[in-house]
Amino acid sequence: MIEARGLTKRFGDKLAVDQLTFTVEPGRITGFLGPNGAGKTTTMRMILGLDRPTHGSVTVHGKEFAKLAYPMHEMGALLDAKAVHGGRSAYNHLLCLAQSNGLPRARVGEVLELVGLTEVAKKRSKGFSLGMGQRLGIAAALLGDPAILMFDEPVNGLDPEGILWIRNLMKALAGEGRTIFVSSHLMSEMENTADHLLVIGRGRLIADCSVAEFIERNSVQSVRVRTSKPEILAGLIVAAGGTTVPGAGGALVAQGLPVDQIGDLAFENGIRLHELAPTQASLEEAFMELTADSVEFHAHAPGQRDAGAASTDRMHPTGVA
Amino acid sequence: MATTQIAPAARQRLLPPETGRAGFGDALRSEFTKIKSTRSTYWTLLALVVVCVGIGALASAGAASQANGISKDTFDATQQSLAGLYVGQLIIAVLGALTITSEYATGMIRTTLSVQPRRGVVFAAKAVVFAVISLVTGLIASFASFFVGQALMSGHHLSVTLGDPNVLRAVIGGGLFLAACGMLAYGLGAILRHTAGAITAAIGLLFVLSVLINFLPQSWQDNVDKWVPALAGSQVWATKVSPGAHQFPAWGGFAVLAGYAAVAMIVGLVCFRTRDA
Numbered sequence: 000m001i002e003a004r005g006l007t008k009r010f011g012d013k014l015a016v017d018q019l020t021f022t023v024e025p026g027r028i029t030g031f032l033g034p035n036g037a038g039k040t041t042t043m044r045m046i047l048g049l050d051r052p053t054h055g056s057v058t059v060h061g062k063e064f065a066k067l068a069y070p071m072h073e074m075g076a077l078l079d080a081k082a083v084h085g086g087r088s089a090y091n092h093l094l095c096l097a098q099s100n101g102l103p104r105a106r107v108g109e110v111l112e113l114v115g116l117t118e119v120a121k122k123r124s125k126g127f128s129l130g131m132g133q134r135l136g137i138a139a140a141l142l143g144d145p146a147i148l149m150f151d152e153p154v155n156g157l158d159p160e161g162i163l164w165i166r167n168l169m170k171a172l173a174g175e176g177r178t179i180f181v182s183s184h185l186m187s188e189m190e191n192t193a194d195h196l197l198v199i200g201r202g203r204l205i206a207d208c209s210v211a212e213f214i215e216r217n218s219v220q221s222v223r224v225r226t227s228k229p230e231i232l233a234g235l236i237v238a239a240g241g242t243t244v245p246g247a248g249g250a251l252v253a254q255g256l257p258v259d260q261i262g263d264l265a266f267e268n269g270i271r272l273h274e275l276a277p278t279q280a281s282l283e284e285a286f287m288e289l290t291a292d293s294v295e296f297h298a299h300a301p302g303q304r305d306a307g308a309a310s311t312d313r314m315h316p317t318g319v320a
Numbered sequence: 000m001a002t003t004q005i006a007p008a009a010r011q012r013l014l015p016p017e018t019g020r021a022g023f024g025d026a027l028r029s030e031f032t033k034i035k036s037t038r039s040t041y042w043t044l045l046a047l048v049v050v051c052v053g054i055g056a057l058a059s060a061g062a063a064s065q066a067n068g069i070s071k072d073t074f075d076a077t078q079q080s081l082a083g084l085y086v087g088q089l090i091i092a093v094l095g096a097l098t099i100t101s102e103y104a105t106g107m108i109r110t111t112l113s114v115q116p117r118r119g120v121v122f123a124a125k126a127v128v129f130a131v132i133s134l135v136t137g138l139i140a141s142f143a144s145f146f147v148g149q150a151l152m153s154g155h156h157l158s159v160t161l162g163d164p165n166v167l168r169a170v171i172g173g174g175l176f177l178a179a180c181g182m183l184a185y186g187l188g189a190i191l192r193h194t195a196g197a198i199t200a201a202i203g204l205l206f207v208l209s210v211l212i213n214f215l216p217q218s219w220q221d222n223v224d225k226w227v228p229a230l231a232g233s234q235v236w237a238t239k240v241s242p243g244a245h246q247f248p249a250w251g252g253f254a255v256l257a258g259y260a261a262v263a264m265i266v267g268l269v270c271f272r273t274r275d276a
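First to last, the sequence lines map onto chains W and L.
Note that numbering that gives the first Met the number 0 numbers the first sequence so that position 49 is 48, with each residue one more than the last.
Note that numbering that gives the first Met the number 0 numbers the second sequence so that position 206 is 205, with each residue one more than the last.
Worth flagging that the hints you see were computed from the coordinates, not collected in a lab.
A couple of the hints might just be wrong.
[Unchecked claim] Label-pair restraints from in silico Cβ distances:
id : chain 1 : residue 1 : chain 2 : residue 2 : range
1  : W       : G126      : L       : G154      : 48 to 56 Å
2  : L       : V240      : W       : A105      : 26 to 34 Å
3  : L       : P216      : W       : A65       : 48 to 56 Å
4  : L       : G53       : W       : G115      : 53 to 61 Å
5  : W       : F10       : L       : V240      : 18 to 26 Å
Computed from a predicted model, the values in this text were never measured in an experiment.
Every residue gets a Cβ at the ideal spot worked out from N, C-alpha and C, and that includes glycine.
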């Protein structure tokens, strides 16, 4: 179990993590979701004690991480697969980590086998591909047979096979009763793996709920209507408490009213409908919507270079998608 | 190929030990594995011995070739054979700095501290492992330089033996001197965290400062010389006090160098413990 209480980190005048309070419950996969620059990595670094919180505290199994008897047995972390000395062989890299926590040498062979690096164990990690580096990092995290595993963007840059391997691994680890805390900037990545979600933007906690709840709460139901008199129907929908935006192909996209009520409104006012269809925003869109205001750097769409600040917070940031 | 079974370890439950905590002994083993598993360690240590012996041999052969003009009363045959230490101090400083800066350069420090977050333990274990390795190698370099140098000078009645006054102290002192230079650089490495910066600072403090001091007026030099790290430290590997030198005696001079190293180490430890990694 990881517990953060009012966790805050300030770098100069920039607030990277702002008053985060959350609990990562044992025995399930908790997704830590947020756009790039939202403070996910900084939060994880504070959990490990790599960064000192400006305010607040965070504990692992009730203790500050540095106070745990055998840290590797409580929590294994993979923040950055490149955080290895490239001149050292995979075996020696894992051996020096194992020794620091009094783990038996035989354990190194076990984790190498587990991640499929046995054949390159004696090779210097300098020559490893991204995927192999990631496996080495995961092997290091698993060395101490930890109750908690923390991964920062583990699938970033991996090929589809590597992504699938990591997903299955996380599920298998969770199946053994371990706690998994995994960050991502992609909702789609979490949709299928996580049980619980923590969503942050600009260092603040935006949502702390189950995945099902998140979907229910955030995927906005909207209705697509095509009619010969869109202005009149739009006025009626707004009067009834809904909202409308223009959709593709001259359609009207209405939100806030159930599909039946929109149909009835049109019928009662003698408006002919050409199309009436409920649509569900994808989870990715819901996530974008939720974090749109908290994206750190907005990218401009091509041709909109001069659109300026006025429109930036409505634009979906292609750079982080 | 995806094997996703973690079970063996979970079943056996043999790790880690049931009681106690990850401590200094574990960190020592870990740091020893680290230092012996990179090639740069071997190259640097080999270079140290080769350069010390090589330059010492050149200096000794030079002295032997003009033995007639040398008065045995003032000539320090031990110091002559250890002349390679002037360059050796820079090589060991490189290794001392690298011991800690390579962790920052590669990012390994983040992995190191996330398996052993008690930073004082990591810092001390690294320091002890490096101190032992640099002392052992320093002694090898010093003794080898001494024996090679004396052999080259022996035909010319200039050579001394370990039994002569102060000689054994000086040869052992050569090893201690190298280790102290290494520790100074280790401390600087922890403060600066950048390989190039730490090596530059160490060379500046050890070598450049010793040269620059010569540009000061003589009256200043007489007061300042003995506080210059490398000049003070080199007294411990001399057997004779050169006339007119305003230096501390052998161990006093070494204590000055060791003091600089200690200050660098303490400041380094404070930086290592308090800064975000």
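Results for each hint:
no.	hint	in the structure
1	W:G126 <-> L:G154: 48 to 56 Å	53 Å, holds
2	L:V240 <-> W:A105: 26 to 34 Å	58 Å, violated
3	L:P216 <-> W:A65: 48 to 56 Å	53 Å, holds
4	L:G53 <-> W:G115: 53 to 61 Å	47 Å, violated
5	W:F10 <-> L:V240: 18 to 26 Å	55 Å, violated
Of the numbered hints listed earlier, those contradicted by the structure are 2, 4 and 5.
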